[in-house]
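Here is how the chains run, residue by residue.
2 protein chains.
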Amino acid sequence: MQGTAPTFDAEAARRGAALRRRIRSGELAQHTSGVADDLVQGNLVVLPATAAHDFLLYCQRNPRPCPLIAVGEVGSARVPTLGEDLDLRTDLPRYRVWRDGELVDERGDVGELWRDDLVAFVIGCSFSFEWAMRAEGIRIRHVDEGSNVSMYRTSIATHGAGAFGGPLVVSMRPLAASDAIRAVQITSRFPAVHGAPVHLGDPALIGIRDIARPDYGDAVKVLPHELPVFWACGVTPQAALQQARPKFCITHAPGAMLITDLLNHQLASN
Amino acid sequence: MQGTAPTFDAEAARRGAALRRRIRSGELAQHTSGVADDLVQGNLVVLPATAAHDFLLYCQRNPRPCPLIAVGEVGSARVPTLGEDLDLRTDLPRYRVWRDGELVDERGDVGELWRDDLVAFVIGCSFSFEWAMRAEGIRIRHVDEGSNVSMYRTSIATHGAGAFGGPLVVSMRPLAASDAIRAVQITSRFPAVHGAPVHLGDPALIGIRDIARPDYGDAVKVLPHELPVFWACGVTPQAALQQARPKFCITHAPGAMLITDLLNHQLASN
Chain Y
94 MQGTAPTFDA EAARRGAALR RRIRSGELAQ HTSGVADDLV QGNLVVLPAT
144 AAHDFLLYCQ RNPRPCPLIA VGEVGSARVP TLGEDLDLRT DLPRYRVWRD
194 GELVDERGDV GELWRDDLVA FVIGCSFSFE WAMRAEGIRI RHVDEGSNVS
244 MYRTSIATHG AGAFGGPLVV SMRPLAASDA IRAVQITSRF PAVHGAPVHL
294 GDPALIGIRD IARPDYGDAV KVLPHELPVF WACGVTPQAA LQQARPKFCI
344 THAPGAMLIT DLLNHQLASN
Chain U
94 MQGTAPTFDA EAARRGAALR RRIRSGELAQ HTSGVADDLV QGNLVVLPAT
144 AAHDFLLYCQ RNPRPCPLIA VGEVGSARVP TLGEDLDLRT DLPRYRVWRD
194 GELVDERGDV GELWRDDLVA FVIGCSFSFE WAMRAEGIRI RHVDEGSNVS
244 MYRTSIATHG AGAFGGPLVV SMRPLAASDA IRAVQITSRF PAVHGAPVHL
294 GDPALIGIRD IARPDYGDAV KVLPHELPVF WACGVTPQAA LQQARPKFCI
344 THAPGAMLIT DLLNHQLASN
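Taken in order, these protein sequences are the chains called Y and U.
Residues 94 to 363 in my numbering are what the first sequence lists, from first letter to last.
Residues 94 to 363 in my numbering are what the second sequence lists, from first letter to last.
If you are wondering where the hints come from, they were derived from the structure by calculation, not from laboratory data.
From the three backbone atoms N, C-alpha and C, an ideal C-beta is built for every residue, glycine too.
A hint or two may mislead.
Partial list, computed: chain U residues near chain Y (C-beta under 10 Å) [claimed, not checked]:
no.: 1; residue: 203
no.: 2; residue: 206
no.: 3; residue: 270
no.: 4; residue: 271
no.: 5; residue: 278
no.: 6; residue: 281
no.: 7; residue: 290
no.: 8; residue: 295
no.: 9; residue: 299
no.: 10; residue: 317
no.: 11; residue: 318
no.: 12; residue: 319
no.: 13; residue: 323
no.: 14; residue: 363
Here are the computed lysine to aspartate or glutamate pairs in the EDC-like style, where the Cα-Cα straight-line distance is at most 20 Å [as the list claims (entries may be wrong)]:
no.: 15; chain 1: Y; residue 1: 314; chain 2: Y; residue 2: 295
no.: 16; chain 1: Y; residue 1: 314; chain 2: Y; residue 2: 303
no.: 17; chain 1: Y; residue 1: 340; chain 2: Y; residue 2: 198
no.: 18; chain 1: Y; residue 1: 314; chain 2: U; residue 2: 295
no.: 19; chain 1: U; residue 1: 340; chain 2: U; residue 2: 195
no.: 20; chain 1: U; residue 1: 314; chain 2: Y; residue 2: 295
With the hints as extra help, turn the sequences into a complete structure.
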């Protein structure tokens, strides 16, 4: 997606802009899950230019967990390929501010913190492929239960770049075998939002000791007739940031994503 | 595929015709496995016109186990969409002859038995999708071991048509999870040769009691890090024929398939 200038669907762009106005005004200040399910949402990472090249390289080397859907110009809070009026300083419901790898603040606006040397990265989010699966009738347990997806640090190492590296983090959805097969087919069409699963079946094979104790998110039950199905997860770059400890960093707060004007189906590869 | 007239690759057509000549002369009288891996091979079922409509309907209702790649005209042993010179009476290495559902003969030529009321069905074969998987570097154990694929009768019923019906028969290949995911992607592109798997993981969920005791073919080991992956199998119509017990029927002998002039990649849906 990076660098391309997709044509926005006019109605989608109107809805995206309206949602961002509500967020900007403080009216929508929490999670974006379930808000405009058909619009692409994104993870945000903002870094000083000194760290930006290595992080870009990290994403390039690890496209499954870090699928870039846009990278801003140095100093710019605009990402016109994702929304014309979009302003990354104000248009997310909630931000996290990090210094030397430590969380130092959580706030609804980062206008005061923005600098001329910052580079913004927007990374695809599993909401898009969950939309695609649900559109084809696959029930997703954590969505049904209104909880957060289960996420796990694995024994699989990502490819390092400069100071960035660390384990692959995966999200897990329990599915019956026939749904798991269908889910491989559906999510393979969405490489820009993590693509096909990276594993299914025995969690121990990727270093997960206890499926009932996720490292992030909420636990969900895996029923006897189901397989746990694992996808590369957008929390992976957060683990890489914790390892790299850049001097300064802004991210979205968990679940408080960037809402774009793109429709999920525009991310399909075929 | 049925009814279409694909353009043959000239070199492939030459090889297909040469192989059929060797079979016709009796020089090649056994299995066709490993012979011209890149050419489409087919299962053969020949029935009197009185049973043909129901069998055609059975295939139409069960496209995963019974993907028709060609149906001949009544009385004709020619299938020009699969090879110009192709003669179904002589061009398979070995035939089985059935009367009232009982195997009564096995022979290298059925010219004397051919009748004006016979209808020939050619059904896609898993050799084609195994070729596609191997072309992408996936090792298939029974191929490596030089044995026949493991096949099982399942608790899944096919959709009946007239006297034809019975259980879905599946073939099984043990694969590591990452290969299983890739195999779903690869075989999904080949609906004309059984397409995506129908199941993976726990065999008991589809009524298979003991994975080490296949109902047809040879047993292969499933290693601890592997999942058994199950595809709909071309033996399903044979089970349907045993149930229907038509007065007369000719099939290929197991492993002695029809070699066509089509290249496997010509069966890909995308």
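> Among the hints numbered above, which are violated by the structure, and what are their numbers in rising order?
Replying inline: Per hint list: 1, 2 violated.
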